[in-house]
Structures are given as C-alpha cells and as structure tokens.
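Undergrad: Here's the letter readout for the chains.
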Amino acid sequence: MPLYLALTCVSALLAVSVYAILDRRNHDVSRNVYRLCIGLCGVLFLAAVMPRGAHVVSTALPLGLPWIGMHFRIDVLTAFFLAVVNLGGAAASAYAIGYGAHEKEPMRVLPFYPAFLAGMNLVVLADDAFTFLVAWEFMSLASWALVLTHHHEEENRRAGFVYLLMASFGGFALLMAFGVLGGVGGAYDFASIRESTKAGWTSGLVLALAIVGMGSKAGLAPLHIWLPLAHPAAPSHVSALMSGVMTKVAVYGFIRVVFDLLGPPAFWWSVEPMTFGAASALIGVLFATIQSDLKKLLAYSTIENIGVIFIALGLALAFKANGMALPAALAFTAALFHVFNHSLFKSLLFFGAGAVLNASGERSIERLGGLIHSMPKTAFLFLGGCVAIAALPPLNGFVSEWLVFQAILLSPSLPQWTVKLLVPAVGVALALSAALGAGCYIRAYGIAFLGRPRSEAARQAHDPDRWSLATMAVLLTLCLIAGLLPGLLIDTISPVAKDFVGGRMPTQAELSWLSIAPVAESRSSYNGLLVFLFILFSACSARWVIHKFGTARSRRAPAWDCGYFETSPTTQYTGSSFAQPIRRTLGVIAFSVRERLDMPVPGDTRAARLSVEIKDRIFDYLYAPLTRAVESCAAGLNILSLLTIQEYLALVFAALVFLLVLVAI
Amino acid sequence: MTLLFNLMAQSVQMLLVLALAPLLIGYVRKLKARLLRRKGPPIIQPWLDLIRLLRKEVVLAENASWLYRAAPYLIFAMIWVSAALVPTFATGLTFSWSADLIAIIALLGSARFFLALAGMDIGTSFGGIGSSREAMFGSLAEPAMMMIVFTVSFVAGTTQLSEIAAYMAGNLELRASVGMALVALLIVAIAENGRIPVDNPATHLELTMVHEAMVLEYSGRYLALIELASALKLLLYLSLIACVFFPVGLASHDAGAEAMMIGLCAYVLKLAIGGGALALFETSTAKMRIFRVPDFLGAGLMLGLLATLLVFVTRSL
Numbered sequence: 100m101p102l103y104l105a106l107t108c109v110s111a112l113l114a115v116s117v118y119a120i121l122d123r124r125n126h127d128v129s130r131n132v133y134r135l136c137i138g139l140c141g142v143l144f145l146a147a148v149m150p151r152g153a154h155v156v157s158t159a160l161p162l163g164l165p166w167i168g169m170h171f172r173i174d175v176l177t178a179f180f181l182a183v184v185n186l187g188g189a190a191a192s193a194y195a196i197g198y199g200a201h202e203k204e205p206m207r208v209l210p211f212y213p214a215f216l217a218g219m220n221l222v223v224l225a226d227d228a229f230t231f232l233v234a235w236e237f238m239s240l241a242s243w244a245l246v247l248t249h250h251h252e253e254e255n256r257r258a259g260f261v262y263l264l265m266a267s268f269g270g271f272a273l274l275m276a277f278g279v280l281g282g283v284g285g286a287y288d289f290a291s292i293r294e295s296t297k298a299g300w301t302s303g304l305v306l307a308l309a310i311v312g313m314g315s316k317a318g319l320a321p322l323h324i325w326l327p328l329a330h331p332a333a334p335s336h337v338s339a340l341m342s343g344v345m346t347k348v349a350v351y352g353f354i355r356v357v358f359d360l361l362g363p364p365a366f367w368w369s370v371e372p373m374t375f376g377a378a379s380a381l382i383g384v385l386f387a388t389i390q391s392d393l394k395k396l397l398a399y400s401t402i403e404n405i406g407v408i409f410i411a412l413g414l415a416l417a418f419k420a421n422g423m424a425l426p427a428a429l430a431f432t433a434a435l436f437h438v439f440n441h442s443l444f445k446s447l448l449f450f451g452a453g454a455v456l457n458a459s460g461e462r463s464i465e466r467l468g469g470l471i472h473s474m475p476k477t478a479f480l481f482l483g484g485c486v487a488i489a490a491l492p493p494l495n496g497f498v499s500e501w502l503v504f505q506a507i508l509l510s511p512s513l514p515q516w517t518v519k520l521l522v523p524a525v526g527v528a529l530a531l532s533a534a535l536g537a538g539c540y541i542r543a544y545g546i547a548f549l550g551r552p553r554s555e556a557a558r559q560a561h562d563p564d565r566w567s568l569a570t571m572a573v574l575l576t577l578c579l580i581a582g583l584l585p586g587l588l589i590d591t592i593s594p595v596a597k598d599f600v601g602g603r604m605p606t607q608a609e610l611s612w613l614s615i616a617p618v619a620e621s622r623s624s625y626n627g628l629l630v631f632l633f634i635l636f637s638a639c640s641a642r643w644v645i646h647k648f649g650t651a652r653s654r655r656a657p658a659w660d661c662g663y664f665e666t667s668p669t670t671q672y673t674g675s676s677f678a679q680p681i682r683r684t685l686g687v688i689a690f691s692v693r694e695r696l697d698m699p700v701p702g703d704t705r706a707a708r709l710s711v712e713i714k715d716r717i718f719d720y721l722y723a724p725l726t727r728a729v730e731s732c733a734a735g736l737n738i739l740s741l742l743t744i745q746e747y748l749a750l751v752f753a754a755l756v757f758l759l760v761l762v763a764i
Numbered sequence: 283m284t285l286l287f288n289l290m291a292q293s294v295q296m297l298l299v300l301a302l303a304p305l306l307i308g309y310v311r312k313l314k315a316r317l318l319r320r321k322g323p324p325i326i327q328p329w330l331d332l333i334r335l336l337r338k339e340v341v342l343a344e345n346a347s348w349l350y351r352a353a354p355y356l357i358f359a360m361i362w363v364s365a366a367l368v369p370t371f372a373t374g375l376t377f378s379w380s381a382d383l384i385a386i387i388a389l390l391g392s393a394r395f396f397l398a399l400a401g402m403d404i405g406t407s408f409g410g411i412g413s414s415r416e417a418m419f420g421s422l423a424e425p426a427m428m429m430i431v432f433t434v435s436f437v438a439g440t441t442q443l444s445e446i447a448a449y450m451a452g453n454l455e456l457r458a459s460v461g462m463a464l465v466a467l468l469i470v471a472i473a474e475n476g477r478i479p480v481d482n483p484a485t486h487l488e489l490t491m492v493h494e495a496m497v498l499e500y501s502g503r504y505l506a507l508i509e510l511a512s513a514l515k516l517l518l519y520l521s522l523i524a525c526v527f528f529p530v531g532l533a534s535h536d537a538g539a540e541a542m543m544i545g546l547c548a549y550v551l552k553l554a555i556g557g558g559a560l561a562l563f564e565t566s567t568a569k570m571r572i573f574r575v576p577d578f579l580g581a582g583l584m585l586g587l588l589a590t591l592l593v594f595v596t597r598s599l
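Protein chains in written order, with this note's numbering: chain A, 100 to 764; chain B, 283 to 599.
Hints are computed from structural coordinates only; laboratory data are not their basis.
Accuracy of the hints is not assured; some may be wrong.
[As the list claims (entries may be wrong)] From the structure, some residues in chain B lie toward chain A, with a derived Cβ separation under 8 Å: (1) L342; (2) Y355; (3) F358; (4) F395; (5) M418; (6) F432.
[Unchecked claim] Chain A is nowhere near these chain B residues, computed Cβ spacing over 12 Å in every case: (7) S392; (8) A484; (9) P529.
Note that the structure is predicted; figures quoted are calculated from it, not measured.
For glycine and all other residues, C-beta sits at the position ideal for the given N, C-alpha and C.
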C-alpha cells in the first residue's frame, strides 16, 4: 500500500512537470506547481512513515527493459531516506511559493523542479540496478537543467558544464559498479545481487567504484569541485534541495551498495570512507572559511558535513566487520542522525541566503552587514541555523557530532592496527573541522548580519514574505526538537541500524529525564532538554536579579571603540580580514595563497593595493593535469578523422580481429 | 530525603562556583601584585567592582541589536551551567549526568560563539579584530581539548566527568599519556582564558588584545555579566584540572556531609595552589606575538594527539 501510494505520487510529480509546460501562460502556474509539490511531498512523507504491514514491501512493474521490468521496494532504510527527501522537498516547495514569484524566467525552473523531486524519490525507491541508474541519471539531468536556470551568466554556464562532466563520470563509475555486482549472469535486481556470492577482488572494486560514483554526487573530496560551482548557481530553493537533499540521496546509494548489496564487510572497507571523509571535512570547512560568497560558503560547508557522515559510516563498517554490533549501531545512527540534521539546517541556511539575495541582490558578504536591523526575522532564523550547523549545544548539530565522537571513543577495542591508528587521526580532523566550522559561521553571520551596512542595498533590505519565513521557522523548530529530544530520533533510526549493521542502541525512551546514553549512562550521557532549561533558567534568573537589585536603565550613545570611532562602514572588519588569521595558520594545507602588496613609493599619491590570490591545490594538481592529458590524447587521436577509406576499413578489420582474439582467450 | 540532600549539594555547588570565581580572580591579582612588590587591591575587589557595575546604567552603542543585549545573559548562563557541571568538592551530583565532558566543552564553544558575534555587532574595528582572533584561537584550542578528552576517556573508559574523577582517584599511578594530557590542558587553559602569554587580562587599548577587544563596547550590567562569566571560566578550567588530574579529597555524592566538608576544604586548597601557580607563571613570562599563538596552541594539539596515540599503543600491548 505505501509503495503504490509512493509510486503514484512520483508519477503525479512527473505529471506536474507536464502541467507546468502546458499551463505556462497562466500567471498562477508557479504558485500552483509549488502547491502541488508540497502536497505530493507531504503524501510521500506519510507513505514513508505510515505502518507498512510487512517489514519490506516490494513490487515489480512491467516498465523499462522488457525482460527485467522495474523493481521497487520500501524497507526501513528507504523509508528513512524517503522521509528526509520529502521533508526537504516539502520545505523547499513551501519556501518557493514566495521565493519563486521573483523568478524572471519561471519556465526554466518549473518543469524541471517536480521532475527533480521525482528523480530523487525514484532513486530511493529503486530495487534493481537498471531502475536505480535510470533514476540516478534522471535526477542528475533534472538538477543540471536547474543549475542552468540563469544561463545568461558565464559563470553559471561553466558550473553547468563542470557539473555535467562530473555527473557523467560518476554515473559511469556506478554503471561499472553495478556491472561488476551483477556479474556475467546479469542478474540486476537487488534481491539476486544480495544473494550472490562475491569474490574478494569484486568487493574491493565495487567499493572503490561506489565511493567514486556516490562520492562524486555527494561532494566527497577530491571529487567535490563541481559542488561549490553548481549548488550556488541554481535558484536558492533548488540550492537547498541539491545541498540538503540530493547529497543525502548519494549517501543513501552508498549505504545501499556497501552495507546491503555487498554483503558482510571486511575491516579494510572502512579505510576509504574514513580517509576521504576526513579529507572532505577539512577541505570543505577551510574553503568555507575563506569564501565571501554566502551561497558558495554554504556549498563548501556541505562538503564538510558529507565528510562527517562518511567518517561515521566508515566507523560503522569497521565495527560491523569485527562483529561489534553496539558500536556499529552507534556509528551508523550517528551518520543517519547527521543526514537528517544536515538536511534541516542546510535547507534553512540556503533559504536565509536566498532571502538575503532577493532583498539586497547581493551574494557577497563583503557588501552586506547590519541585516539584523533591516531583516530582523530572517536574521533570527539564520542565527538558529548557524548555531545548529556549528555543532553547538543545545541544537541538533551537536547531538550528531557528539554521537560520532562517542563512536570514535569506542575504537580502541578494534583489533586491526590500520584502523586503530587511523581513527585518532580521523578524530583530530573531525575535531578541527567542528571547531573551524564554528569560526566559519561566526564570520558568515557576523559579517553579513551584524555590524553596519556596507552598501545601500543592505540598508534597504527587508524580510521576505510569510511563506518563506514560516518555512524557515518550521525548519528551525525541527532543529530545536531534534536537539532537545534526540532520543526520539535515535529510537526511530534504531530499526534501520538493526537491519543494516545488525545491532541497535539501547532504547532511549526508557531512560529517565529524556536523556540519551549511547552505551551506558555510566559511560556517557547527554540531556539537551535539561541543559537548555538550565541555560534558560540561569539567564532569566540572572536578568531578574539584576533588574530587581541592580538597575535596568540604559541609554543610547555613539559607539566608543577606544575613542577612535569612525563613522564610515568601510572601517569595519571585512570577511577576508576576519579569515586572514585562519588562512595564514591553517590555510597552507588546503590552498596556495599568494599575497601581493603594491606599495607606492613615498611621494607617489596613488593608493596602495593588497591583492590575494587563492588557488585550490586539488584543482591545480589533480584536475589541471587530467584536463591537459585528455586534451593531448584528443589532439593525438585527431589524425583518425583524416584517414582514407582503405585505412578505415583496415582499422575496422584489425579491431574486429583483436576483439575476436580477446573473446577466444 | 536523599534526593533533597542531593539537590541541595547541587545547588550548593552552583552557588559556590559563582561566589568563588571573582574571589579567585582577586586572589590571583593580589598575588601578582605582591610578586611585583606592590600592595594590590583586596581579594574581594572583583566582587565590589561587579556590584558597582550592576548598579550603573548601560550605555549602548547606537546601532546595537537585540543580539548584543541578549548575548551577555546567554554567555553567562552557558558558562555558569558548565562550571556547575564540573565536579568541585563532590562527584556524581544530581545533574552531573546531563552533560559529559564533550558537552561541557561544546557549551563553552557556544559561549565563545555568542561572545564573538557580540564583538562584531556594533561594527567597530576593534570588535572585529577581537572576534577574528578569538575564532582562530578557538579553532585550535578546541581540537586540542578534544584530544585531551580522548586521552582521559580512553584511560578511564568514560566521558562522564564524575566517573573519570572517580577512576583517577581509584587508580593513582603515573602515566606518561596522562602527563602529556595535563601539559596540553594547561596550554589550552591559558589560551582559553586569555592569560599571559596568549592575551593579557589587564590590558586595555592595545592592538594585541583579544578578549578585551571583543567586550570593548560593553558597560554596566552587561560588562559585569561578561566579567563574571570569564571569572567562572577560569574557575572551571582550574576545577577541571583539579578533578581529573588531582582528584584527592573529592567526596562521593552519597558520602555524607562530613566527607563533603573535607572535599570543600580540599577544593579551596587546590584552587589556592592553582591560582598561585598561575600568578607565578604570569609574572615570569612576557606576552607573545599574536602569530606565535598558533604555534603554542599547535604544540598543545600535538601533545594531545601524542597522548591519545600513546594510550592506544599501551592499551593493546
């Protein structure tokens, strides 16, 4: 029942796409499309959470390739991700009712938007390799079209090109991964793949291909270069979907292949996700810290969060391989918890950035400032999102990081030295990225929302419409609930962990005072609700005591600033000056910075200039040589297009003989 | 009856840290003055200053926002709560399980987050300098702190502070890893509290100031709250060092009033020794250049990492 309901909704989403094209002359088409999307995402969310009767429901529809058909299935993992995808989808659609009205070319968004949602849902529902890949490519292409919404800008066209390249590369890797999984027999439905026995080299190869394929979509370093270009290029509600939701679909794909289809893991499987995860976390956060484009900053921070998720998944693999069910469940729960959290606060932050962009026309924080006065409601909601994503208690980002740390603290009992020595290093990376993340969001919020406006546009900005504000408020409330009552979510994830890593965390609802304890209360426990109430109580009582026995008087006056107060807003700290200490101390690892100071000689009246050039080492040392190699190969092969007919025939004959010999061997 | 007693012990701890924190600051100042052969203000001077500040009206900058006005209360509340969760004279108090060591550190991180934002709210250049540097220190000090947490919790098998203290009190032996963690914690504590050689708490109007630059615009009751919060933070770090590395005399929560009195005396004694060491250290070194601080903190981070690895290696041998 829920499966058919879900499939009906997906087809309805596709129908909405068609409707958007047919009804394009109508002024209300944008509003109607987004309303329909909210409804359908809502129903899909219900289909995910409603009782399924059986543990797993599956069906095969006679579509697609005639001898295979299309298989669909809902199990606990699918249900969880279905809920995440559609919660994000519904939020983005609700936000877009207001936001989408500002779109200048709505026909470049409306037909693709429901199709994108449908694609993501189909990936999660797919139960055979063919359906999975078709849905995957559908999702990629729909999002590619959305990235090109504002195709008049050169930068966006380039983003679209890079995205298309990386998406096809990733899709190619996945095609090979499923090819190897399906084997020569070609049983491509997941049920047969699950039951087939895999040789040792197969699992290694599939794991590597899955990391490349899923990682390129999720934004795992070093395959992340397209993400900070493509995510910000799309309209903000689509950016939120791509960052908050589509990356999670890639995480789903990784879990499905590695935890489910590949069978029981070996301990060395954990090395790749942990290493790449740690690298992504660090690279993502360092680049986020130096970005001045608000949406790019958020996109880089997505890379960091994906890194955290992959670290947790790697830990889960290591524990599962050694038969340690409880720690594995803890790490796996942490990963899924972070998936849920990140989809909430990243959407919230992108919505906030979209509201700022709409109100001021600015994406660069260097020309913003003082928005807390001109956009007070957005400023409050964005602050909530910043606190959540900076992993600060009592909001939800902290809970998932805390769970990952607790999982790391259980690692000394792992028997293998490789993993044992890798885990502390990963722990440092995680701690560093958490701390840098907080600094990054201090900078983002402090420069864009606090201080004095650096441009007229920032001074005149205003809060967005009620739909946008309400959506952001709902997301923040969800963040707060997940932060204060994490036990609820952990218990919801428990069945998934039971099925996929073979263990479950202790039932949190049974603990007193709604606190959470991953292993035992004597080992570690955290109670977000109580901490929050303590803080609230202390702050309020302090205020009451001071106002009662001290004074409550205050007076406005010009700022003091040690007596040097300068009224020009350009004397404020800028985003790049704020990031300078971090760029100088930690930046050398990730990027090469060249600072050039052009100082006129005394007597010369022209202004001095400091120019800073920041380069991505990964791009310089990995992608640039690759591009050059591809180009020189292409140039070399160019002679093939200038052969005579005899030479072509000879070439075809040689190729045929070669292939026949290959088959014969 | 037990519950009542436990609740009472918890509230005694909350009020105790609040009362002691400014006295600790006064004591360190007095000692420093005596070491410089000055007479120095009385030990209760910080309390007198605070009371005076609380009675004064606040002068707000013209474009101060609500965040600027809410931040002092939030910062104070967060630090007070975390200081009250660190065992001082007794372990296992009623609410000690509501946050473990990682959560306490993260709470301090939240306080730092809001303090840095408050520094940027007015839009002055000094505020920006302070916040930017605080963010840099924080991004190195926090991972170092996490490594220390890793070390002690690998040794003790838990991240609950009360349990760690109980384990350390029960297994008194010298461990190289714990020693390294202690040195790292001292480095972190000096940096986090803005003491010499990282920052000078007595400074004003200096281009190298960090903490003072952020709170430059605050006055009246807001300034009082922030001063109180920073005093509480110093007390918190001293209590943390005392309870993890020198858990002598710590009473258990069910040990009765007598043991708690002994614990209290031991605690005050430990604070006196810690404060004395701090004063001695501060008078004997000079402040370092701002860009040498990352090296200093990096040393703390590396020590912490080394300690963690050492625990890993020795545990499995």
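Undergrad: Indicate, hint by hint, whether the structure satisfies it.
TA: Hint check:
The beta carbon of L342 of chain B comes within 5 Å of a beta carbon in chain A, closer than 8 Å, and the hint placing it at the interface holds. Interface restraint check for Y355 of chain B: the shortest CB-CB distance to chain A comes to about 4 Å, inside 8 Å, so the restraint holds. Interface restraint check for F358 of chain B: the shortest CB-CB distance to chain A comes to about 6 Å, inside 8 Å, so the restraint holds. With a least beta-carbon distance of about 6 Å to chain A, the hint placing F395 of chain B at the interface is held under the 8 Å criterion.
A distance limit of 8 Å between C-beta atoms decides the matter here; for M418 of chain B the minimum to chain A is near 4 Å, and the interface restraint holds. With a cut of 8 Å, the hint placing F432 of chain B at the interface with chain A holds, because the nearest CB-to-CB distance is about 6 Å. S392 of chain B, annotated as away from the interface, has a beta carbon of chain A within 12 Å; the closest lies near 4 Å. Listed as a non-interface residue, A484 of chain B keeps its Cβ farther than 12 Å from every Cβ of chain A; the least gap is roughly 16 Å.
The claim that P529 of chain B lies off the interface holds: its Cβ sits roughly 17 Å from the closest Cβ of chain A, which is beyond the 12 Å cut-off.
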